[in-house]
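Those protein sequences? They're chains A and B, same order as listed. Anchor point for the first sequence: position 154 equals 154 in the numbering used here, and the numbering is continuous, going up by one each time. Anchor point for the second sequence: position 119 equals 119 in the numbering used here, and the numbering is continuous, going up by one each time.
Since the hints were derived computationally from the structure, they do not count as laboratory data. Here a beta-carbon is modelled for each residue, glycine too, at the ideal position from N, C-alpha and C. There could be a bad hint or two in this list.
[Unchecked claim] Covered stretches of chain A (chain B as the covering partner; in silico rule of three or more C-beta atoms under 8 Å from a C-beta of chain B): (1) 16-23; (2) 65-74; (3) 107-119; (4) 123-135; (5) 159-166.
[Claimed, not checked] Cut-off 27 Å, straight-line C-alpha distance, at most; resulting in silico cross-link-like pairs (DSSO-like, lysine-lysine): (6) B/Lys-145 / B/Lys-274; (7) B/Lys-242 / B/Lys-213; (8) B/Lys-145 / B/Lys-242; (9) A/Lys-24 / B/Lys-243; (10) A/Lys-24 / B/Lys-196; (11) B/Lys-53 / A/Lys-6; (12) A/Lys-24 / B/Lys-176; (13) B/Lys-184 / B/Lys-52; (14) B/Lys-65 / A/Lys-24; (15) B/Lys-145 / A/Lys-24; (16) B/Lys-140 / B/Lys-196; (17) B/Lys-243 / B/Lys-275; (18) B/Lys-275 / A/Lys-24.
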Amino acid sequence: MNVYLKNILRFCIIILLQVLILNKITLRWWSEPAGFPVFIPYVYPLFILLLPFETPVWALLLMGFGLGLTVDSFMNTAGMHAFATVVIAYLRTNVLSALLPRNLSEYDGQHPSIRSMGWMPFLVYSAFLIVLHHFVFFSIELWNFSNFGFLLLKIIASSLTSMLFIIVYLLLFTRQSASRV
Amino acid sequence: MRNFILFVRRFFNLILFLILEIVCVILIEHTNTLQGNDIISSANMVSGLVYKKQSDVVYYFGLRKMNDSLVNENARLRNEIDQLHSVDTLKDSVVHRKLYPTDSSTHIVKFADYLYRTARVINNSTNASDNYITINRGSKDGISKNMAVISGTGIVGRVEHVSAHFASVLSILSSKQKVSAKLKDGTNGYIIWDEKQPDVLVMTDVPQQVKVKKGDSVYTAIFSIFSPDILIGTVLKTVVVKKNAMQLIYLQSSTNFHNLQYVYVIENKMVIEKKIVEDSSAKK
């Protein structure tokens with residue numbers, strides 16, 4: 001399938017998944033007895049994480065901005081998601097080149113995935129950017145470092161659930177057969 | 001000039017990054033004031049439509065719960081009507097008589113004129129620090145900014161963005177707005193939300209000496225944007241703040257924000273007149 005068509009399709013799927021399903025699940029495992037924060041998983045940064053290796057940084061930035069604003073318009077946050085997504089879009093190339101043994105331009109026509117990178121590097125790559133995204137987003141959202149513990153708890157809990165959902169998404173939506181590389 | 005172009009080419013990514021981040025910061029800063037910002041809210045056409053389609057599908061699963069809440073509300077309203085009709089004539093002296101705004105025999109001038117419109121909730125959130133609700137009515141149905149929104153059981157919030165067919169409502173589960181409230185004995189205070197649990201509200205500015213019992217009801221005050229005497233919640237616990245001899249009252253919200261289905265948008269027809277008078281005195 002054409003790379004552009006594939007990514008546009010993935011954009012729509014991820015936005016709909018995030019907005020229609022994941023935003024409705026309010027995870028409140030232990031939130032009732034203690035003052036544990038309520039949180040929802042944010043899976044949409046995955047779109048930025050899965051763009052092809054050779055995507056130039058300016059394109060990543062613009063796509064991150066567009067993606068963030070789309071999510072913002074659905075969730076009434078006006079710029080907060082866009083801010084966080086642009087940050088990870090900017091850092092994506094650096095993280096990838098730090099993690100991968102070869103130069104990025106040598107991975108022609110591939111995109112970051114468990115198959116092209118291996119389990120551990122991919123998990124480190126996605127976990128780092130997701131945690132960063134959540135840290136930036138929740139800091140802006142709360143905008144108040146007076147109860148830092150609450151903020152930290154919220155970031156950790158949300159990042160863990162986001163990662164869980166991202167792994168589930170990858171297992172569901174990537175082709176398992178090795179015939180196509 | 002050549003150096004400048006070289007500089008831009010060299011640091012193009014960094015410059016683009018900074019520009020985009022500045023745009024985001026401006027958007028975040030101007031959420032409330034910028035007029036064009038209605039586009040980036042769930043009241044716009046696309047997200048409104050998506051939410052409406054979803055709500056059409058999910059609607060049927062909630063019918064049972066909705067029926068129950070409507071029956072309960074009907075029962076409460078019938079109760080109130082009965083109480084209004086069956087006035088005990090022996091007790092109906094001047095002291096015990098309730099004063100109605102439209103009662104011309106007393107010298108209380110009509111100060112508010114409310115119009116209730118129903119609306120269906122098509123999107124709802126409880127987990128952000130500023131929570132929004134999207135409803136399926138917009139400016140074509142007469143909804144405009146800053147109208148109050150209540151549910152059958154209590155207060156919900158205030159209309160913030162309006163498009164032709166949708167509106168998004170900033171719920172009281174938000175750090176951005178305060179609601180005037182009063183205790184049973186008439187003490188006024190403010191309701192805020194501490195951004196933690198979606199069914200616990202906090203009432204501030206209540207003097208320490210005011211006695212509050214667990215389970216007491218808290219209502220909207222007469223000068224809030226809501227119509228007066230709408231239930232907000234019941235008292236869970238009180239905490240005394242040593243610093244200013246005030247107490248914080250934690251309330252169990254009477255509205256269940258997790259399963260809002262229908263809401264009423266209240267239009268106060270006299271609010272503009274009231275605002276003009278208040279503004280003119282504030283200028284002096």
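Right, here's what the structure says about each hint:
Coverage of the segment 16-23 of chain A by chain B holds [criterion: at least 3 residues with CB-CB distance below 8 Å; count 4]. Here's how the segment 65-74 of chain A fares: 6 of its residues keep a CB closer than 8 Å to some CB of chain B, so the rule of at least three is met and the hint holds. Restraint check on the segment 107-119 of chain A versus chain B: 0 residues with Cβ-Cβ distances below 8 Å, three needed, restraint violated. Residues of the segment 123-135 of chain A lying with their CB closer than 8 Å to a CB of chain B number 0, which falls below the three-residue condition for coverage.
For a cut-off of 8 Å, the count of residues in the segment 159-166 of chain A with a CB near a CB of chain B stands at 0, and the three-residue condition is violated. Restraint check for B/Lys-145 and B/Lys-274: satisfied, since their Cα atoms lie roughly 16 Å apart, inside the 27 Å limit. A C-alpha spacing of about 19 Å is found between B/Lys-242 and B/Lys-213, which places the hinted pair at or below 27 Å, so the restraint holds. Distance restraint check for B/Lys-145 and B/Lys-242: the Cα-Cα separation of roughly 39 Å exceeds the 27 Å cut-off, and the hinted pair is therefore not satisfied.
Only pairs whose Cα atoms come within 27 Å are accepted, and A/Lys-24 paired with B/Lys-243 is rejected, the gap being roughly 40 Å. This hinted pair checks out: A/Lys-24 and B/Lys-196 have alpha carbons roughly 18 Å apart, not beyond 27 Å. The straight-line distance between the Cα atoms of B/Lys-53 and A/Lys-6 is roughly 25 Å, inside the 27 Å bound, and the hint therefore holds. Under the criterion of a C-alpha separation no larger than 27 Å, the hint pairing A/Lys-24 with B/Lys-176 is consistent with the structure, at around 23 Å.
A threshold of 27 Å between alpha carbons decides the hint, and for B/Lys-184 with B/Lys-52 the separation of about 40 Å lies outside it, so the pair is violated. For the hint pairing B/Lys-65 with A/Lys-24, the CA-to-CA distance comes to about 18 Å; that is within 27 Å, so the pair holds. The hinted pair formed by B/Lys-145 and A/Lys-24 meets the criterion: a straight-line CA distance of about 26 Å does not exceed 27 Å. Proposed proximity of B/Lys-140 and B/Lys-196 is contradicted: the alpha carbons are some 36 Å apart, above 27 Å.
The suggested pairing of B/Lys-243 with B/Lys-275 is violated, with an alpha-carbon distance near 34 Å, which exceeds 27 Å. For the suggested pair B/Lys-275 and A/Lys-24, the alpha carbons sit about 38 Å apart, so the restraint of at most 27 Å is broken.
The structure fails hints 3, 4, 5, 8, 9, 13, 16, 17 and 18 (numbered hints given earlier, in ascending order).
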